[in-house]
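Put chains B, C and D with the ligands on the given structure of chain A with help from the hints.
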Amino acid sequence: MVNIAEYGDYETAWCPGCGNHSILLALKNALVATGLEPYNVLFISGIGQAAKAPHYLNSNLFNGLHGRSLPVATGAKLSNTELTVIVESGDGCNYGEGGNHFLAAIRRNLNITLIVHDNQVYGLTKGQASPTSEQGFVTKNQPEGVFSQPFNPVEIAVAMNASFVARGFSGKPDHLSTLIQSAIQHRGFSLVDVLQPCVSFNKVNTFGWYNQRCYIIEDDYDSTNRDMALRKASEWGDRIPLGIIYQNRRSVFEDRFPFLGNGPLAKSPVEVDRVSQLFDCYR
Amino acid sequence: MVNIAEYGDYETAWCPGCGNHSILLALKNALVATGLEPYNVLFISGIGQAAKAPHYLNSNLFNGLHGRSLPVATGAKLSNTELTVIVESGDGCNYGEGGNHFLAAIRRNLNITLIVHDNQVYGLTKGQASPTSEQGFVTKNQPEGVFSQPFNPVEIAVAMNASFVARGFSGKPDHLSTLIQSAIQHRGFSLVDVLQPCVSFNKVNTFGWYNQRCYIIEDDYDSTNRDMALRKASEWGDRIPLGIIYQNRRSVFEDRFPFLGNGPLAKSPVEVDRVSQLFDCYR
Amino acid sequence: MEKLDLNVVIAGEAGQGLVTLSQILTKTLVRAGYYIVVTQSYQSRIRGGHNSYALRISHREVVAPTEALDLLVALDQNSINLYLPELSDHGFILVDEKVSSTVHSRVIRAPLADLADDKFSNSTALGMVASLLGLHKDSVTRTLREFFDKHAPGTSDHNAESLAAGYDWILNYPVKFPKLHPSTLPEGRLTLNGNEAIALGSISAGMKFFAFYPMTPATSIATTLAGHAAQMEFVIEQAEDEISAVNMAVGASFTGAPAMVATSGGGFALMTETVSLAGMTETPVVIVVAQRPGPSTGLPTRTEQSDLEFVLHSGHGEFPRAIFTPGDVEQCFHLTIKAFQVAQKYNTPVFLLTDQFLADSYRSVGPFDLGQLSPLNPCLDSCVSANPHLTYLLTESGISPRIFPGMASQCVRASSSSELVIADSDEHTQDGHLTEDLSVRISMVEKRLRKIDGLKSEVVGPEFIGTAGPETLFVSWGSSRGSVIEAADILAGRGRSVATLNFLQVWPLIPENFVSILEAAKDVVAVEGNATGQFARLIRRETGFHIKKVIHRFDGLPITPKYILDRI
Amino acid sequence: MEKLDLNVVIAGEAGQGLVTLSQILTKTLVRAGYYIVVTQSYQSRIRGGHNSYALRISHREVVAPTEALDLLVALDQNSINLYLPELSDHGFILVDEKVSSTVHSRVIRAPLADLADDKFSNSTALGMVASLLGLHKDSVTRTLREFFDKHAPGTSDHNAESLAAGYDWILNYPVKFPKLHPSTLPEGRLTLNGNEAIALGSISAGMKFFAFYPMTPATSIATTLAGHAAQMEFVIEQAEDEISAVNMAVGASFTGAPAMVATSGGGFALMTETVSLAGMTETPVVIVVAQRPGPSTGLPTRTEQSDLEFVLHSGHGEFPRAIFTPGDVEQCFHLTIKAFQVAQKYNTPVFLLTDQFLADSYRSVGPFDLGQLSPLNPCLDSCVSANPHLTYLLTESGISPRIFPGMASQCVRASSSSELVIADSDEHTQDGHLTEDLSVRISMVEKRLRKIDGLKSEVVGPEFIGTAGPETLFVSWGSSRGSVIEAADILAGRGRSVATLNFLQVWPLIPENFVSILEAAKDVVAVEGNATGQFARLIRRETGFHIKKVIHRFDGLPITPKYILDRI
Ligand SMILES: Cc1ncc(C[n+]2csc(CCOP(=O)(O)OP(=O)(O)O)c2C)c(N)n1
Ligand SMILES: Cc1ncc(C[n+]2csc(CCOP(=O)(O)OP(=O)(O)O)c2C)c(N)n1
Ligand code: SF4
Ligand code: SF4
Ligand SMILES: [Mg+2]
Ligand SMILES: [Mg+2]
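Protein chains in written order, with this note's numbering: chain A, 114 to 396; chain B, 114 to 396; chain C, 7 to 574; chain D, 7 to 574.
One chain only, chain A, in its complex shape (with noise of 0.2 Å):
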């Protein structure tokens, strides 16, 4: 049984009474609540102030570049499918620099998982607008407020037949932690947007204002009935669902490796007679 310890107490580089630390622990604790060992867990990361949260765990990690974390998921991922791979970062990261590698990750379906933590912002780079943020959101590099209308994740997700799509927020941990366990035991793509407070550079989207709007889903809601999801999924303003909109089952990445299931890549070097082989249609 692996217990909270093991996945060690960090101090972090994040404000006071930022939404991270709640994330962090509603992550560790489903972590141990999945039972899985440290060293068989993989995060990959990118740069922001959510992107440092794999820091604060002792696991296996690749914290790489803004922006590029799920595409170096997938590649670890492919190369080894024993991994439980789970991609953090945030939003600006994933929907940002980032965008094109969300549309295609929710395309192939691996087996993985992603955790944006949005705070509608850019955090480590001092508070510009990111694409979460809404229409009006005013910066010292939006002046005038923000433009364009905000993206948001958890419909597009839906939209493109995702295959775990879920919403968390900071201020409800536990919630969040089971939320994050289901999306680590589902087997395909799964999304955890995490609604966090930037207490330095969201002064609009503050605890507060989630904490109002924020409420679970009904236990009737049927996350498996795509047209319910996606009118779910729309919803954004007064009120904000949180938990499971949607899921499927679609078939996974990876499954169409057969060889895969054969274990690590790097346990299986290339074998010379094979190769021999292979020259044969070059004669």
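Read the hints as simulated data drawn from the structure, not as lab findings.
Since we're looking at a predicted model, the values are computed, not measured.
Negatives, chain A to chain B, calculated, CB over 12 Å:
| id | residue |
| --- | --- |
| 1 | Ile117 |
| 2 | Thr147 |
| 3 | Glu195 |
| 4 | Gly284 |
| 5 | Ser295 |
| 6 | Gly321 |
| 7 | Arg326 |
| 8 | Cys327 |
| 9 | Glu384 |
Straight line, CA to CA, 25 Å or less: simulated DMTMM-like cross-link-like pairs of lysine to aspartate or glutamate:
| id | chain 1 | residue 1 | chain 2 | residue 2 |
| --- | --- | --- | --- | --- |
| 10 | C | Lys9 | C | Glu92 |
| 11 | B | Lys239 | D | Asp82 |
| 12 | C | Lys462 | C | Glu518 |
| 13 | C | Lys528 | C | Glu477 |
| 14 | B | Lys239 | D | Glu152 |
| 15 | A | Lys253 | B | Asp368 |
A virtual CB, placed ideally from N, CA and C, is assigned to each residue, including glycine.
Quick look at chains B, C and D with the ligands alone, frame taken from chain A:
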């Protein structure tokens, strides 16, 4: 009055029988029907067979990089809002390499038109799968068939509240021409996804395949109803709807810069007096 | 006691208001006529950690940062621990008595809470510093009020009171802190850092379009521009990524708006495909690359000069470019203007290569002579080249006259189809359409490369300072300039024969401009903020002259005079 | 009449089946024991336009393309117009009488429709060519049957009949076409082009992961690999863009799979940020850059050698790398293996720099000695460095032992949290976590750069061919090698004192390996497929040796011996 001859008549580098020929003709007819002079139109394209289209038109053209036509168009339109800016490129260009810009362009909602020649394949590079290729589609580079779920651009555009979303078919050039015309006349970001047989590399989605499935949306369809539009947009398979799937009157990005109303930026150079005032902030 | 220059460091955690305090102090000093060199050192986090703001002050021109520590304003105990060993003999540390219990003759534990409201204790501390430095209470109060009126309306009075309390408390405190020499500089100077100077330079040059994706240390160019965009009527847009930002700029430039982007190494990497596009389509664009230590994310808030070779060779294929490397804040301003002019004249990408140190380094900058300013007016130069217009007209200079889509010569509305503009990233004929005619290819390659001759004729030559034929010649580029100059001054003071050769433009290089200078020196020493001596290699490649001694720095901090002297 | 070598060109529009005809002919020739050099010239379109496939054939080793034209198979009239003036004295043009009405003593207008079904007229023409060249009917028929059985089952018989009809028709046709000298080469040689050799090399090296985004001329590496992936059990995936492709490769490599990507200039530009990431995280990755003429889209289906400097300096910051530049198809194979070994040993990005000419150039390649082959086995080398494991253990060589996530030494399943792998794009401590400790920074920069010493010890030195101390020394890199060698041979035959120095690896360079050779020559001439002489500049930068004469080519065609001789 513009006549079609002003748009020229060029030899193309396309295969005989390719759907691109009809799209080009439909486009010319639409330009003439809207009464646009060639010198007031600016085409922006990427790289691919589709992207060559504007070379076969007598108009302004910036033929840039594979996947990057939407950003170029954004800069161009913002710098001169008097131009009619039309982006013309392939499915690989816009939904593959350029996927992130597609999302951003919908969110921005500039008054530009995007025409995607969607042959569900990479034509110019000799037949690899594109984001719209169907699962199981076999190519030399995907000998086991495509694994990823196809991208439905029309559906995602509607889900993102794109301002104007239409689907045409090169096999119905007159209908396509009216769609392009409406797209150009619509104020806001307009997507026309055009189904186009590639006779050389797509032996699945042939003219016949499309022709059998495509139908023109009923007259009483209300393209301003988003719920209906979402349902219509998700139709794909035995029946494929053609027409204006969705439209709304979202405010247009360039209107947020009031001074753009004064004409092209090139025509209002910086005034030294105003610069001097600026420096006072730093004294 | 008077000192020729003083180095004040304000240090503490991120989020403690260190920058506010520092900036008010900085502005007050500039207004009082002092020269300053600011070195900002911060971490990649928003709260906590350890940040510092070092402010070197003198009535004489100072051009380099220094390690000397005359006064430390410590906002936390950690700062005291870090800096106490570095304190100069006459130096002091100022700290809130509640923050630190360190007892030391040179530590002033001030009863900030007793003197004023705790919320405004930074202003109290500011008053103390101002008093120690011998600044007028009125002048610092005025600057402080201006600041708070703008940023936190309603708090000015409280802050001013706290400031006064601190100021007065010091007057009665028994320390002998060296006073600043009275300044004689005329008024009207500006307080600017490198990024602000680039922003102002770009506006002054006539920029009409700016796109960006945030990236330290380039972001504050965008922030500065965002603050002026509405008033100056240019478009500024945060793109979805760097690829988009630079393609937007290319699109805007193609349709007539002088355009710029600003980023740092990793973001610039994403732009390289489009650098090549600009080269091929002959679209002017100014690209600011503010360097930080790599590879990859590296030390994202620190400084380095390790992207010279990357920028110089960025983009596939061969095409002309120019790279300016301002050595100080004033040069940031002037070379930005120059960059726009060169880009616009030669229709090609032009770079400004700076770094975090310079980007964030405030200086006192003499008022610019705006009478001389003539912002770009693309319409004036725009002209139809032929009938029909040929985007890529073959000319002797390689420069083809431009018009913009929808417009004919001088931006008159286009009225015929002979005024079309066709640009292509493929190899193209003169009319802009793609071609596979291989003889056209040759003429187009040669046309583009001919522009190098023109670019050479515009080169800002290196700056030589010192006696001809010195024993030691320091070679610098970019922001190392100041430290090299000061190090040379110090050595000259010690009787050494020494000079500096500072490159404000690293490409193109014109060997005739400087090889004889290199050859005349006994020892040539390149000073570069990188580990491999990139500029020294470039000089060898272009001239054959082998600079054998390179002083490198790559720990994330700016090169200082002392760093150089320790290694000579 | 016999000729030492013959150059056959098959030309026509894209889509006329030119490549099929050519490939069967090529394979037949290789099987018959001939050396060949193929030059494919095509346009960026699928149908129409003008394509050609030039096949130089000899019983002696040939290494370069040639302009000579002994036999043209013209599939359209345009090809006749283009090539007739170039025909050698004993040359012929073969054309379907229905396609061309050109009457000329050297034009064989064959009644293809009379001889066989029009649908298979390319096979009829092939029979004629085989007959003219004196190949055995059986051998060409066998190759043809194999081809059609695989690609168009059911058409073999018809094609074979057409072939026979063409073959026999020529036997009775009154021409004196020079015959090929009988070949003496042993059987079992392979018909491979550069891209296929790289694909086979990568598999032989032990590659387990390949990601790509299509881009000419690199795509056929992917296509070749796709055909073998299921059988060889490696992952191949077409990514959404090049950025994704290379990041996937980095991810796969991090978890233990030797990984490669392949692209061309513009696509590579998008990868440069990740090149730097691989350098920083010390993740091995092999990157193939198949060059084509830039800038930007340029001439997308032609050849050039203009991305050397771009690749060498790609990625921000400073980190070690190696660049291999195979000079022929066989070297493509061997250097790919070497690239994997070096990448894997030094945990850093390694490049293979080729070009369209080489990528598409078929050659007869001797059977590889697969007994020597020892594909990478990452598990064998994997080893825990400390307790807990330190990803970036500081070592003398700079190389830190690796394990992979989830696995301990030798890929045994990990069983404790001391076997974690933490990699970071930020500057990091030995344990892989990000740090802002500036002294750690210094040690990590030095650690990474120490790997250069090891990389140097692995360098494949340049190949010197000819007499020592020649009057003329040609310097080549990459695919220009063959033409330089042949040009030198020809000059030597004319009594000139000449030699060649061919670089198969352009980075790192070890001056001691070759400077004395350069200095010993009277005239040194660099031969490069670019306009600015990039390699000559690099040599000067690294050695001080100034190569003053450079023969450039940048019209999209490969350098030929004649091209060199015309300019010497
Ligand atoms: C290519 C590139 N562009 C820009 C940056 C600068 N950058 C670092 S973090 C960040 C934004 C982070 O925002 P988000 O992903 O929302 O994370 P948060 O800090 O809000 O948690 C940016 C733009 C970078 N590191 N790399
Ligand atoms: C950065 C970059 N990557 C790859 C390519 C190669 N490329 C040219 S066209 C093309 C695919 C085109 O497909 P699509 O956009 O669907 O256009 P089509 O040819 O099918 O009309 C690709 C991958 C390129 N030019 N640039
Ligand atoms: S800046 Fe915002 S997101 Fe970053 S740590 Fe602080 S509160 Fe959290
Ligand atoms: S390859 Fe396909 S898309 Fe391209 S021109 Fe031919 S038929 Fe059209
Ligand atoms: Mg964020
Ligand atoms: Mg396509």
